[in-house]
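Number of protein chains: 2
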Amino acid sequence: MSIYTVCQKSVVNVTPDTSVRFVAELMNSKNIGCVVIAEDQKPVGIVTDRDLALRRENFCTEGGDDEPVSRIMTREVCTIRKDTGIFDAIQEMKSSGVRRLPVVDAGGRLVGLITLDDIIRLLARELGEIARIIGKESPKI
Amino acid sequence: MSIYTVCQKSVVNVTPDTSVRFVAELMNSKNIGCVVIAEDQKPVGIVTDRDLALRRENFCTEGGDDEPVSRIMTREVCTIRKDTGIFDAIQEMKSSGVRRLPVVDAGGRLVGLITLDDIIRLLARELGEIARIIGKESPKI
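Each protein sequence line maps, in turn, to chains F and L.
With my numbering applied, the first sequence covers 1 to 141.
With my numbering applied, the second sequence covers 1 to 141.
Same chains, same names: a pair is fine if it fits in one copy or spans any two.
Listed next, the in silico BS3-like pairs over lysine-lysine satisfying Cα-Cα at most 30 Å (straight line):
{"no.": "1", "residue 1": "K9", "residue 2": "K94"}
{"no.": "2", "residue 1": "K94", "residue 2": "K136"}
{"no.": "3", "residue 1": "K30", "residue 2": "K94"}
{"no.": "4", "residue 1": "K82", "residue 2": "K30"}
{"no.": "5", "residue 1": "K94", "residue 2": "K42"}
{"no.": "6", "residue 1": "K82", "residue 2": "K9"}
{"no.": "7", "residue 1": "K42", "residue 2": "K30"}
{"no.": "8", "residue 1": "K9", "residue 2": "K30"}
{"no.": "9", "residue 1": "K42", "residue 2": "K9"}
{"no.": "10", "residue 1": "K82", "residue 2": "K42"}
Quick caveat, the hints were computed from the structure, so don't treat them as lab data.
With the hints as constraints, model all of the structure from the sequences given.
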């Protein structure tokens with residue numbers, strides 16, 4: 001199974017010049033933990049709610065939340081091809097030390113987002129199906 | 001198995017008058033996602049990195065990060081007794097809609113913190129043990 005089957009296809013993304021304030025409002029209104037920063041449909045950064053919490057401490061003296069998100073985003077964003085398998089996606093998260101990976105097509109364009117939560121949900125669903133097989137096969141007590 | 005067996009016993013906690021800035025520095029230096037707010041050893045609030053990101057937007061005009069954490073903490077903090085079972089802890093997280101629960105003793109004193117990640121780790125360990133049983137029983141190919 002490729003990660004594109006289970007990833008979120010609708011990814012909230014903004015350009016690098018978007019204000020930190022707007023990104024925070026997006027995370028709040030859409031109830032999401034990260035926003036991908038993209039230019040010409042290609043991911044150039046990523047910012048999480050934790051980044052917003054810990055990287056904008058000195059903003060009060062330097063223009064505050066009107067600063068562009070490019071100032072606090074993670075620039076070396078790890079991405080993953082949409083045809084990658086689940087196991088390889090887990091390996092990539094493990095080696096990169098991240099819980100979220102923007103999903104890209106062969107041209108490097110943003111087409112989705114895969115999170116550790118998505119993968120846990122998939123595994124739980126698979127275990128649920130296994131539980132049903134066991135339930136059917138078990139003797140009635 | 002009680003949650004006290006698997007929960008984190010060392011919980012980072014501060015008093016309500018601690019500054020938001022200090023709490024952010026704690027989250028950063030200790031690489032943690034939440035801090036419990038306690039008075040006389042009893043939890044009175046909780047604050048996550050997401051709360052720091054989304055609840056301090058107007059701080060620049062109102063005293064900034066020197067404001068006490070009590071201004072942005074969640075006050076109706078759900079706690080869980082240390083002798084609660086894993087299944088009941090999951091139910092509590094589900095009904096409360098939270099991923100982290102401060103663990104308290106019979107006197108309501110803070111003795112730990114249980115997170116969804118801790119429970120997933122436990123389940124993964126149990127599945128790993130099951131995989132080893134299957135591995136031993138399987139015919140050698």
